[in-house]
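Asks: Quick mapping for you: the protein sequence lines, in order, are chains G and V.
Note that our numbering has the first sequence beginning at 1, numbered continuously upward.
Note that our numbering has the second sequence beginning at 1, numbered continuously upward.
Treat the hints with care, since some could be wrong.
Since copy identity is lost for identical chains, a pair holds within one copy or between any two.
Here are the simulated DMTMM-like pairs of lysine to aspartate or glutamate, each with C-alpha atoms no more than 25 angstroms apart in a straight line [said to hold, decoys possible]:
no.	residue 1	residue 2
1	131	156
2	104	162
3	131	96
4	174	162
5	104	135
6	52	36
7	52	175
8	104	138
9	104	134
10	104	168
11	104	167
Rather than coming from a laboratory, the hints here were simulated on the basis of the structure.
Number of protein chains: 2
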Amino acid sequence: MRRGIAILVVGMPGSGKSVFSEAARALGIPVVSMGDVVRLEAVKRGLSQDAKTIAQLAKTLREEGGACAVAKLTLERTPPAPVVVIDGVRSLDEVEFFRRAFEKVLVLAIHSSPRTRFTRLMARCREDDPKRWEEFVERDRRELAMGVGEVIALSDYVLANEGLSREEFLRLCKEWLNRVLTELRARTPNPGEGSQ
Amino acid sequence: MRRGIAILVVGMPGSGKSVFSEAARALGIPVVSMGDVVRLEAVKRGLSQDAKTIAQLAKTLREEGGACAVAKLTLERTPPAPVVVIDGVRSLDEVEFFRRAFEKVLVLAIHSSPRTRFTRLMARCREDDPKRWEEFVERDRRELAMGVGEVIALSDYVLANEGLSREEFLRLCKEWLNRVLTELRARTPNPGEGSQ
Numbered sequence: 001m002r003r004g005i006a007i008l009v010v011g012m013p014g015s016g017k018s019v020f021s022e023a024a025r026a027l028g029i030p031v032v033s034m035g036d037v038v039r040l041e042a043v044k045r046g047l048s049q050d051a052k053t054i055a056q057l058a059k060t061l062r063e064e065g066g067a068c069a070v071a072k073l074t075l076e077r078t079p080p081a082p083v084v085v086i087d088g089v090r091s092l093d094e095v096e097f098f099r100r101a102f103e104k105v106l107v108l109a110i111h112s113s114p115r116t117r118f119t120r121l122m123a124r125c126r127e128d129d130p131k132r133w134e135e136f137v138e139r140d141r142r143e144l145a146m147g148v149g150e151v152i153a154l155s156d157y158v159l160a161n162e163g164l165s166r167e168e169f170l171r172l173c174k175e176w177l178n179r180v181l182t183e184l185r186a187r188t189p190n191p192g193e194g195s196q
Numbered sequence: 001m002r003r004g005i006a007i008l009v010v011g012m013p014g015s016g017k018s019v020f021s022e023a024a025r026a027l028g029i030p031v032v033s034m035g036d037v038v039r040l041e042a043v044k045r046g047l048s049q050d051a052k053t054i055a056q057l058a059k060t061l062r063e064e065g066g067a068c069a070v071a072k073l074t075l076e077r078t079p080p081a082p083v084v085v086i087d088g089v090r091s092l093d094e095v096e097f098f099r100r101a102f103e104k105v106l107v108l109a110i111h112s113s114p115r116t117r118f119t120r121l122m123a124r125c126r127e128d129d130p131k132r133w134e135e136f137v138e139r140d141r142r143e144l145a146m147g148v149g150e151v152i153a154l155s156d157y158v159l160a161n162e163g164l165s166r167e168e169f170l171r172l173c174k175e176w177l178n179r180v181l182t183e184l185r186a187r188t189p190n191p192g193e194g195s196q
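Model the full structure from these sequences, guided by the hints.
Replies: Structure representation (structure tokens):
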């Protein structure tokens, strides 16, 4: 039996994916971060957490286990629930993988301008965040090389995270989730107990 | 001297780029469509107007004249004006080309879900529009192969054209243009007569 509904979240670094995840958790929806799955794998392998190493590991995992290797690891860590959020999908291959694994898949793109994302990442200072514009551009290129742009272009929904405070965007995400889930539940009486 | 402000519009087929162009024209802003530039070239060469031929010609033009060949032809057809809209940019190379040609460049992505775009294209029936889902998916792939997804991912603004009537989206585009141009003019007293 396939699982219920998966909301796949795609966005460039610093676009606000983690705020969306926070909104989902606040509404009781489990969230699995594909980035965290790779970072955990780095810890297991005794590797460092900087962006280059993580990107290299994501690449290695795909070379070792195929285009959907990270998606597979992510699915193993996804709890059974009627609705889950999977944060950080990076290619159309991964989207297809999740489409096969779930009854229904929605792809949500979170968008912010490069300038806004750069400003946010400079303020965030996570270990794998870029410290200079050149690093930022390089990291963007790595993400695009994996296929993030194609997933954004073919997404079902897009939320613009521009000119909003963190709190305002958090509220927008909660509103979006409530609206979309209400619509879905109206159409699918028992998500997770679908026809297949 | 470089030209003034260019608003580059990117979007997958059927996302609503032409509605945005209509909004720009209604506000007196000249619009040049990169698709029209290629279609005109097809007419000159006595070729047909179907999507495959147009896509093949766009590819041939780039092979003959470099990644920015269509952008160059487009620039030749762009009237001198403080603000212009260039519709249908397809790669980061083209964005860079226009950045060198204009004082200021804004990249605007227009987004609709695949399902909405397909429905619209079926209703539109332009000669080069897909007639079946498979053709639609194939055309999407050709667009993505040119780099449309990367331009969308790195755009400065995104407008979602979902669940709106044509008139509602037209109004949204006009509001967006008025807001952005007011902001730009406040910062740049004489766009088109910049410092370089």
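Asks: Now, for every hint given, state plainly whether the structure supports it.
Replies: Evaluated hints:
1. 131 - 156: between (32 angstroms within a copy, 21 angstroms between copies)
2. 104 - 162: For residue 104 and residue 162, the Cα distance is within 25 angstroms only across copies (20 angstroms; inside one copy 29 angstroms).
3. 131 - 96: Intra 34 angstroms, inter 23 angstroms, cutoff 25 angstroms: inter-copy only.
4. 174 - 162: Cα proximity of residue 174 and residue 162: in one copy and across copies (16 angstroms, 19 angstroms).
5. 104 - 135: Cα proximity of residue 104 and residue 135: across copies only (24 angstroms, versus 37 angstroms in one copy).
6. 52 - 36: Classified as within; 15 angstroms inside a copy, 42 angstroms across copies.
7. 52 - 175: neither (35 angstroms within a copy, 41 angstroms between copies)
8. 104 - 138: between (34 angstroms within a copy, 23 angstroms between copies)
9. 104 - 134: The answer is between: 21 angstroms across copies meets 25 angstroms, while 39 angstroms in one copy does not.
10. 104 - 168: Close neither inside one copy (28 angstroms) nor across copies (29 angstroms); limit 25 angstroms.
11. 104 - 167: neither (29 angstroms within a copy, 31 angstroms between copies)
In this structure, the hints that do not hold are numbers 7, 10, 11, in rising order.
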